[in-house]
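Colleague: Put together the whole structure using the sequences plus the hints.
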Amino acid sequence: MKRKPKIAIFSLTSCEGCQFVLLDLGEKFFKFLEKVELAQCSLLEEEPLRCDLFDIAFVEGNPITKKDFKTLKEVREKAKILVSLGNCATLGGIPEMKNYQSKERTIRFIYKEINNIDNPEIKEIDNFVKVDYSIPGCPINGEEFLRIANELIKGKIPKIPQKPVCSECPLSGTKDCLLRKKEPCLGPITLAGCDAICPKSSVICYGCRGILNNINPKNFIKFLNKMRSQEEIEENIEIFGIKDDIKKFL
Amino acid sequence: MIKIVVPHIHKIEGEAGFWAEVSREGKIEKLRLQTLLGLRQIEGILIGRRAEEVPIVVSRICGICPVVHILNASRALEIALDIKPSLLTSLLRRLLLAAQIIQSHTLHLFFLTLPDFFDIESDLDLMRRFKKEAKAALKIRDFSLKITRVVGGRTVHPMRPRIGGFSKLPTEEEVKKLLQGFDEVYDAALFLIGTFQNLSYTSLQRKTNFVSLSSKKEYSFYQGEYIFTPQLFSIGDFYSNKIEEDLKRPPVKRVKHLGKPYMLGAIARINNNQNFLSAESKENFKLFLKNHNLTSEEFFKNSFHNLFCQIIEVLHFLREIEKLIKEILRQDFKEKPSKLEIQRGSGLSAMEAPRGTLFTYFEIDENGRILDCDIVTPTAQFLNNLEEDLKVYLGSLLQVSPDERTRKIRALIRAYDPCISCATH
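Chains as they are written, first to last, in numbering that gives the first Met the number 0: chain A, 0 to 249; chain B, 0 to 424.
Keep in mind that the hints were calculated from the coordinates and are not lab data.
Mimicking DSS-like on lysine-lysine, the simulated pairs with C-alpha atoms at most 25 Å apart in a straight line are:
(1) A:K1 to A:K79
(2) B:K333 to B:K176
(3) B:K335 to A:K180
(4) A:K27 to B:K131
(5) B:K130 to A:K34
(6) A:K174 to B:K333
(7) A:K180 to A:K225
(8) A:K181 to A:K217
(9) B:K138 to A:K30
(10) A:K181 to B:K333
(11) B:K335 to A:K174
(12) A:K1 to A:K153
Modeller: Below, the structure written as structure tokens:
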């Protein structure tokens with residue numbers, strides 16, 4: 000019999016929300032776990048099995064502490080395939096917002112003595128290690144995780160189709176489209192796969208899954224700037240770490 | 000000098016480590032619990048940002064209890080902006096919060112702590128050995144998650160609740176459907192409470208102060224009239240004058256109440272507000288005292304009993320949910336979310352998170368931008384109390400094998416259900 004693939008889930012500094020999405024899948028997630036050997040997962044296991052090699056390692060969160068950086072490096076050395084899990088690991092996430100605020104202002108607001116606190120610039124994990132695949136979103140879409148993880152186990156190369164959120168949005172083309180209502184929704188430039196979960200709840204898309212890799216967002220941002228102040232649009236794209244990606248085109 | 004170190008404590012929300020130094024005579028010289036997550040600087044990040052962004056950002060403090068962060072911040076900002084949410088909004092928020100507490104407690108009880116009672120280190124082993132319990136726990140969790148999905152938009156980082164109300168309301172039909180299968184879910188909770196009735200709890204006795212929201216009308220969770228310690232304080236007075244944050248041990252601002260550690264969460268709420276528990280929860284509590292031959296005073300001196308208090312609350316909040324849904328169905332579902340009218344102001348709100356009282360304070364300027372922000376989480380408040388408990392407990396563990404000692408230290412830490420993501424944020 001073929002051995003079960005070894006998978007591991009690691010959390011760097013984070014809210015661990017992406018791991019909870021998996022647990023929230025309930026039975027479906029535990030069925031998935033039957034197909035694999037869960038070699039490490041801090042939420043479900045106390046003692047990790049000592050193991051030199053993982054077939055697939057999933058990493059969520061941001062490297063902030065020295066320990067985070069060490070873990071990230073070790074995971075890369077041990078993993079055949081490394082997958083970034085969620086918006087923080089993939090695009091920097093909410094903690095990246097501090098990069099746009101003047102240096103030390105943010106932390107000084109919280110602590111007066113800051114010498115012993117790790118306060119690196121927040122960067123996507125692919126700045127430090129090679130990332131093979133990414134599962135985007137804040138939080139991730141559990142169903143998409145299962146699809147991608149299953150494909151990886153079967154040795155396939157998982158792909159997320161480069162289509163915009165609007166292609167999945169039931170409001171698209173109707174009078175209820177948020178853009179039509181002059182709401183600065185980022186649906187047209189954002190990678191689909193979330194089932195347009197926010198616009199469906201009458202909340203604009205803030206681009207947490209990242210911008211499509213086959214478009215130039217420049218004209219769309221210009222269009223939004225006519226609708227709302229430049230300041231507002233800039234702030235919106237800071238929330239989920241996509242400002243640095245969009246700025247490359249402006 | 001003997002050093003006792005547990006470098007990693009897993010199976011909690013976030014990660015922590017434990018260090019202690021014990022003299023040859025058995026005196027505990029030093030003991031500390033260290034959180035192992037970085038500082039994400041959420042409070043600092045919010046300064047200068049627009050009020051509307053706040054619920055989105057504070058949600059990301061924690062993946063297990065995002066709801067209470069969203070709701071408490073929204074209410075603090077509503078107080079600052081002088082917005083009064085509608086009755087329907089308040090009821091739906093209560094429903095979300097009750098579901099949040101059940102969801103978090105069941106996850107903690109079954110997946111994180113039950114294995115400690117049987118020295119099982121992996122949940123997958125646990126699920127194989129306790130199939131019926133696993134099924135019951137998942138059933139209750141699924142029920143509460145469905146509520147969060149229908150009312151909040153999704154389970155982790157729900158996007159519908161916002162300042163003033165909801166971006167979109169569930170339909171009456173959807174709310175009605177939430178009660179489908181309620182009896183089975185309630186039976187599953189009764190079954191699980193039976194399991195926790197019959198466990199053998201480690202003994203530990205230490206007196207402490209219990210802090211929670213309280214009210215003359217109900218088992219407080221969404222709204223409280225005052226803070227009970229057991230002295231009564233107004234929420235504002237308690238937050239401003241009776242607690243202090245210690246800035247010397249980043250990345251957590253630990254909190255003391257009048258210079259002393261205190262306990263929060265399920266055990267504190269039940270200690271303070273047990274008269275308002277549902278009838279069956281009360282009965283189960285009494286039965287526990289009888290079965291384990293404990294006085295009420297002895298019961299509350301043992302922090303391991305926080306676990307039993309959590310399952311009592313699961314039962315209580317299921318009944319609460321049933322009541323709330325029926326009341327929600329009597330409301331008119333046609334309201335529209337109110338428009339934000341920006342003004343200068345400040346607001347403080349306190350709510351019961353699964354792990355205890357959460358305080359959220361915001362000040363905004365005339366442009367609707369955040370001037371000041373303070374988020375005091377339950378775990379930051381009870382870490383000192385946990386260390387005090389560990390000092391007492393460690394004294395009784397000096398003779399046992401190092402492996403067993405490590406297991407027991409971890410078990411006490413987990414009984415508190417600490418959330419390190421919240422504590423550090």
